[in-house]
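*Asks:* Okay, here's what each chain looks like letter by letter:
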Amino acid sequence: MSEIKRDYKKLSKHIRKKILKMVFNSQTSHIGSSLSIVDILTVLYFKILSIDPKNPWSEDRDRFILSKGHACASLYATLALRGFFSEEILDTYCLDGGVLPGHSTMHCAPGVEVSTGSLGHGLSMGVGMAIATKHDKRNYRVFVILSDGECDEGSVWEAAMFASQHKLDNLIAIIDRNKLQAFGRTEEVVGLEPLKDKWTAFGWAVKEIDGHNFSEIEKTLAQVPFIKNKPSAVIAHTIKGKGVSFMENQLAWHYKSPNKEQLEVALKELDSV
Amino acid sequence: MRRQFINTLTELARKDNKIFLLTGDLGFSFFEEFRKNFPKRFFNIGVAEANMVGIAAGLALSGKIVFIYSIAPFATMRCFEQIRNDLCYQNLNVRIVGVGGGLCYGSAGMTHHSIEDIAIMKALPNMTVVCPGDPLEVEMAVKATVSWRGPVYLRLGRGNEPRIHSDISNFKIGRGIIIKNGNEITIMSTGNILHVAKQVTDKLTNKGISVRLISMHTIKPLDKKVIIKSNQETKAIFIIEEHSLIGGLGSSVSEVLAEENVKKILFKRFSLPDAYCKDIGNHKYLREKNALSVEQITNNILEIYESIKG
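Keeping their order, the protein sequence lines are chains A and B. Using our numbering, read the first sequence as starting at 1 and increasing by one per residue. Using our numbering, read the second sequence as starting at 1 and increasing by one per residue.
Isolated chain A (complex conformation) (with noise of 0.2 Å):
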């Protein structure tokens, strides 16, 4: 870890405007999607799991499942910045012929552990893995990131019970909550508030934080479990669209992808950051 230099900054601003060119080049978006979790991405990937871009299915690496599939170019981008892969791949997301699909698939490349797409299937998964890893009585751990709007679904919660229920304190959910979902605000659509406290009810041990802020990210996630026998969730308060102003906070930007001139207008706010 030592030879990674931690600039966040630097590292989120590398990701986010890959993922912009990503997305202008495919026209596929869930743009907003992918970057409000770059922050966390990269705090995961640079500090906080256990892994190894040269061995990238050794047995006792950290899982990571990105329960939001759609938001998968943000997870290629920064594992190809993390040395898993090439970037040049990254320049064929979603293309004819490419590798990277527009929702993450199994094994589709380095590091990328399992297929979703369709909500509400990472945190089952995650418990899965997490009963093998006590069972085979390894050390690793399990990170899901879901979205708010995923939380609609009843198998998250089928999950997150028996994940308390079995004590599965190397189990992490971090819920991007951004407070936009596919056709509204999720608390319009159906609200999730008081998000806290359903977790908490549900026998997790929760925290908030800024899903933007790294040192708070840093903090939080090197804490975990936050209460030995409990899983732990995070809920991370984020904005759809960060790092673009004229996509923050856009509903639209789940379904838009910037032209030509959008992507050069992004690239340049991100560079004058």
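It is worth saying that the hints were derived from the structure and are not from the lab. Check before you lean on any hint, since a few could be wrong.
[To be verified] Listed next, the in silico DSBU-like pairs over lysine-lysine satisfying Cα-Cα at most 30 Å (straight line):
1. B:Lys143 with A:Lys137
2. A:Lys230 with B:Lys40
3. A:Lys137 with B:Lys40
4. A:Lys228 with B:Lys40
5. B:Lys15 with A:Lys134
6. B:Lys225 with B:Lys207
7. A:Lys179 with A:Lys256
8. B:Lys40 with A:Lys198
9. A:Lys167 with B:Lys15
10. B:Lys40 with A:Lys167
Given chain A, put chain B in place with the hints provided.
*Replies:* Structure of chain B alone, referenced to chain A:
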């Protein structure tokens, strides 16, 4: 069949610590011993089938061989998309054990009947579909799934299905078992209604008809060879299955007959209609209501036989 399943699995789990059993809150009076013997490899997931499939996927992704258990419609339909994405797309070693195929649950009614499960499961890429016909087939099938690659749907009966085979020397997933040879007509059956097919065969044999009886325990991958051979060597193929006529064994066999360059012979399905069973009664009663009793099928075949003999 349930007893045979759990006994076999218990035996296998002693030798292989990769085997896990998950249940959707079912298995009372069947799974207690497994739980006692392997407490760390048994999980009652609760009444939460979608979560059960996802957890099974996570375990399989960690190198485990996972059996998940519920009543057939709950095990296959409540959590269909988890099966599709988590198990089939990722091609994982999870075995879905659905108890109560067809009308086994009798008076429990439509919610517990399973008449579309084979069709639904066989449509999934990477999925293997096995419907054992008697307790020995259950034992063989469960053993065979341990080394099988990818997801399997194992469709069981419910209770005390009679034993048909005295011995099975060479059980293979994907290969039908010729229980009795004959050269006039072929009867193919799958799953828990095999004993009906056996009795029909015996009755027809007593009437002097030479009947070939084949247990098609595997629907996918389908044993095309045995179908083509029966087409060549007998004058008619009859299907006996406790499943909707849409997408069951009969559908699969008819596809082979239509596509392969074979002679035209008589083909008839004794299946359930494309309708939910609204009659109330026990398993045997419901079979009769759907013209699937031994007598009904036998008489039906005898009438047809008159037209093709000689």
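*Asks:* Give me the numbers of the hints this structure contradicts, sorted from smallest to largest.
*Replies:* none
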